[in-house]
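Asks: Chain by chain, the residues:
There are 2 protein chains.
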Amino acid sequence: MTKRLLLALGATTILSTAAFAGVSAETDPVQWALENDPVAWEITEGLTTEVGARQGGTEAEARARAWALAYLRKSGFANVREEAFDMPTWVRGEERAWVVSPFPQKMVVTALGNSASTGDAGLEAEIAYFPTLDALRAVPDGSLAGKIAFVSHAMKPAQDGSSYGAFGPARFVGPNIAAKKGAVAIVIRSVGTDRTHRNPHAGNTNFDTGVTPIPAGALSIPDADNLVRMIERNGSVKLRLLLTPRNLGTQKSGNVVAELPGSNPALPPIVIACHLDSWDLGTGAIDDAAGCGIITAAASAIKATRPRRTIRLLWAGAEEVGIWGGKAYAETHRAVPHALAMESDFGADRVWRVDFKLPDSAAALADRIAARLAPLGIGRGKDPASGGADVGAIIAAQNLGIVDLQQDGSRYFDLHHTPDDTLSMIDKAQLRQNVAAWTAALTELANYEGELTLAPKR
Amino acid sequence: MTKRLLLALGATTILSTAAFAGVSAETDPVQWALENDPVAWEITEGLTTEVGARQGGTEAEARARAWALAYLRKSGFANVREEAFDMPTWVRGEERAWVVSPFPQKMVVTALGNSASTGDAGLEAEIAYFPTLDALRAVPDGSLAGKIAFVSHAMKPAQDGSSYGAFGPARFVGPNIAAKKGAVAIVIRSVGTDRTHRNPHAGNTNFDTGVTPIPAGALSIPDADNLVRMIERNGSVKLRLLLTPRNLGTQKSGNVVAELPGSNPALPPIVIACHLDSWDLGTGAIDDAAGCGIITAAASAIKATRPRRTIRLLWAGAEEVGIWGGKAYAETHRAVPHALAMESDFGADRVWRVDFKLPDSAAALADRIAARLAPLGIGRGKDPASGGADVGAIIAAQNLGIVDLQQDGSRYFDLHHTPDDTLSMIDKAQLRQNVAAWTAALTELANYEGELTLAPKR
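First to last, the sequence lines map onto chains A and B.
Using my numbering, read the first sequence as starting at 886 and increasing by one per residue.
Using my numbering, read the second sequence as starting at 886 and increasing by one per residue.
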């Protein structure tokens, strides 16, 4: 990797001597990152090429951890280590669907995480159609006996990702509701926004304790549209479904942790997070190799400026399948005070807004960060920052300060959890804008010696 | 279908009373089609919903023929009939690929038509990498023994589709060349232009007589890019390939033929063609349900004007897998004189150019057609028209006149032969522009009583 890094830097030097003449990582790390950062791409390209898909709890995720440890050590970070934990692991098997009648044809389907298996013989049943999740909620218990529920709740894209909150429940809880009402299986319209490509969106679902899981799949959106057309024509549609996932029981996963030590070790660290695992259909480029690339690139970019506060990098394990890494991190580090948390886990498109959750005493700090971000085309939001999945537990445990660098999510749910989440979707210019934004924010935060948590230090 | 058609017309009437006030199918069929045609969409939607994928020689194609016969009869066409023929039939089985070393991960692959099977156990071999087809051609016979050839010839989009000619041979003849040089299998970069979605492009390949077919697959373009990155890093890459297609031997297929009888039965007919079959990964919307929709809608639009010359519709069978329908049509109808041939088989995006191949005596006719097309944003080309696959044999047999309404192919090879060829990709406004263009051309052609063939009548 080091050789490649040098080559990349060498090439950049030749191509933009003018930029180098005026900008160095020492004097202006933000501009330098915007124009020259090689690290975010290198990590995104490296993980997707040399590891590919890396589902939490699998051997591929273990290879990803080995890759991460080697990369972070070669890059000169301190205290690079793996923090192992155990977790239950579900893996995909065969997955196919066919309309049996009235219009026989294949459908493209993927099993949702924690789906039950249909068995190798598959199952065949009439569809009970629900245009929305509320329509499913409204039918009486037991009314779906012998049926495959089909929930066709149609998500729309939103720049801030808010539509995932509105439409995600079709996946998160739809299967649980259908199981309670007696359905033999469920298929949902993919909780995603790519209306034209025939790739389904994977992701976890969960069944309540005491509810027997049923086979649960997501149809690609063109297939869901086709199924709706059939239902509107004919009423009765029979589907055959084959999903053969398995539970592997408890498996090993782990977080990868590394540090850029601050010049004042007495100051509690800032933790910056991404997740190393991915869903298995794509190669996990936007979700979330890019996030690991962005946070690591920013930490690398400010290294030469020797910031006062330690920056701790958390490349979390097993986020997609239950945020196991984030919970394990909080468990392990609960007793040690942290200052603030940030996370990059919303793709690789440009940052468009910054949100804060800081003590009142840090108001001037927030103003300085916002001022540094404005030249990058980033506005200031009024929402309180909320952090991210992997830092959620440590934030809750210690009431940490938070800065959210909100990424443009307009196309995120076109790609998220689909086979199309590959390196080919990464826009290098937008990726570097992310690094520049993180570099700007970290420059202020890591040199701020005042209080950053919202409660008194513990 | 009739009920739906009436409903569609009803809705259109409400929405565009103003247009109806000035435009009727009788007085201005071109403008009427541009604003109101319901037929092209109805056929495209109907075939993709009620039949879906319909590979030549399969039971699904037989259902598509039944659908077509019923539709054309209900729509009032004359002499609606099936003209059966036999053909050899190859069908897809399992298809998977994995990089075994150095970077283990799945790849997305599809078998090329006429590929051999790897057997259920699959095969594993080192890759021999060829950035271009010429690089494969250049290596000595026997030099690929024990290797999987990988040809990564990268196609670029072109509005006129010309890049298919430049890059298609990687698929058409690459496998045959690799087999002759001793390769145990071949994978190619998909001959398509969608660089970002992880769906491979299917399509036929052919092996020379005496050459033993080898397993031959197409990788999605993001996967081909990933494989190239691995090779550039590591040199040696080992791939495992599982492709289990089968030859079903001789199966039934057929053409569907229908007519709009001209008021002067002495004039030889104009044959207008599309193909009814599709590849099996998508639902065959742009390739070529839309083509059948366009030609049939145009014939419907001019019906009320009672044109002089008979228009014969050919919905050809088994085009994708060897142009069996087009050859069968020429065989059956060789003895009966035709006047001119046209075909729609390049998607559903707008017509941008018209090309002619007509006798000199018809120069004024070509001028009139070009003048009618100009208001639709269609320019006049200088290339001689060449027709299409399904009318190729009858054109050659009778030296027919040809008019080509060239469609914009900029995104055609993003979708062509992939799972993404579904109804979701159809742009209704562009589809109607096609119908309007065909209506304009047919209005002139079907009322022209002069000579249209290039050789004397037989």
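Some clues are possibly wrong.
[Said to hold, decoys possible] Only part of the chain B face toward chain A is listed, based on derived beta-carbon distances under 7 Å:
id, residue
1, V985
2, S986
3, F988
4, Q990
5, D1305
6, K1313
7, A1314
8, Q1315
[As the list claims (entries may be wrong)] SDA-like cross-link-like pairs, simulated, lysine to any residue; straight-line CA separation at most 25 Å:
id, chain 1, residue 1, chain 2, residue 2
9, B, K1123, A, A1314
10, B, K1123, B, K1212
11, B, K959, A, R1114
12, B, K991, A, R1114
13, B, K1313, A, D1110
14, B, K1041, A, R948
15, B, K991, A, R948
16, B, K1123, B, V1058
17, A, K1041, B, N999
18, B, K1212, B, K1041
19, B, K1065, B, G1007
20, A, K991, B, W926
These are computed hints drawn from the structure, not numbers from a lab.
In this text the structure is predicted, and so the values were computed from the model without any measurement.
C-beta atoms are modelled at their ideal positions from N, C-alpha and C, and glycine is treated no differently.
Asks: Work down the list of hints and note, for each, if the structure agrees.
Replies: Comparing the hints with the structure gives:
At about 13 Å, the closest approach between the beta carbon of V985 (chain B) and any beta carbon in chain A exceeds 7 Å, and the interface hint on this residue is violated. Here the hint on S986 (chain B) is broken, as its CB sits about 12 Å from the closest CB of chain A, past 7 Å. A least Cβ separation of about 5 Å between F988 (chain B) and chain A falls short of the 7 Å threshold, and the interface hint therefore holds. For Q990 (chain B), the interface hint holds, since its Cβ comes within 7 Å of a Cβ in chain A; the closest pair sits about 3 Å apart.
A cut of 7 Å between beta carbons decides the hint on D1305 (chain B): the least distance to chain A is about 5 Å, and the hint holds. This hint is violated: K1313 (chain B) has a C-beta 14 Å from the nearest C-beta of chain A, more than the 7 Å allowed. Given the 7 Å rule on beta carbons, the hint for A1314 (chain B) is violated: about 16 Å separates it from the nearest Cβ of chain A. At about 14 Å, the closest approach between the beta carbon of Q1315 (chain B) and any beta carbon in chain A exceeds 7 Å, and the interface hint on this residue is violated.
For a cut-off of 25 Å, the pair hint linking K1123 (chain B) to A1314 (chain A) is broken: about 33 Å separates their Cα positions. Taken as a hint, the K1123 (chain B) and K1212 (chain B) pair is broken in the structure, with Cα atoms around 42 Å apart against an allowance of 25 Å. Using a Cα cut-off of 25 Å, the hinted pair K959 (chain B) and R1114 (chain A) holds, with the two alpha carbons roughly 21 Å apart. With a C-alpha separation of about 34 Å, the suggested pair K991 (chain B) and R1114 (chain A) falls outside the 25 Å cut-off, and the hint is violated.
For the hint linking K1313 (chain B) to D1110 (chain A), the alpha-carbon distance of about 16 Å falls within 25 Å, and the restraint holds. Restraint check for K1041 (chain B) and R948 (chain A): the C-alpha separation of about 35 Å exceeds 25 Å, so the hint is violated. With a C-alpha separation of about 15 Å, the suggested pair K991 (chain B) and R948 (chain A) falls inside the 25 Å cut-off, and the hint holds. For the hint linking K1123 (chain B) to V1058 (chain B), the alpha-carbon distance of about 24 Å falls within 25 Å, and the restraint holds.
With a C-alpha separation of about 41 Å, the suggested pairing of K1041 (chain A) with N999 (chain B) is violated against the 25 Å cut-off. Under the criterion of a C-alpha separation no larger than 25 Å, the hint pairing K1212 (chain B) with K1041 (chain B) is inconsistent with the structure, at around 31 Å. Of the supplied pair hints, the one linking K1065 (chain B) and G1007 (chain B) holds, its CA atoms being roughly 21 Å apart against a limit of 25 Å. In summary, the hint linking K991 (chain A) to W926 (chain B) is supported, as the alpha carbons are separated by about 22 Å, within the 25 Å threshold.
The structure is inconsistent with the numbered hints 1, 2, 6, 7, 8, 9, 10, 12, 14, 17, 18, although it conforms to all the rest.
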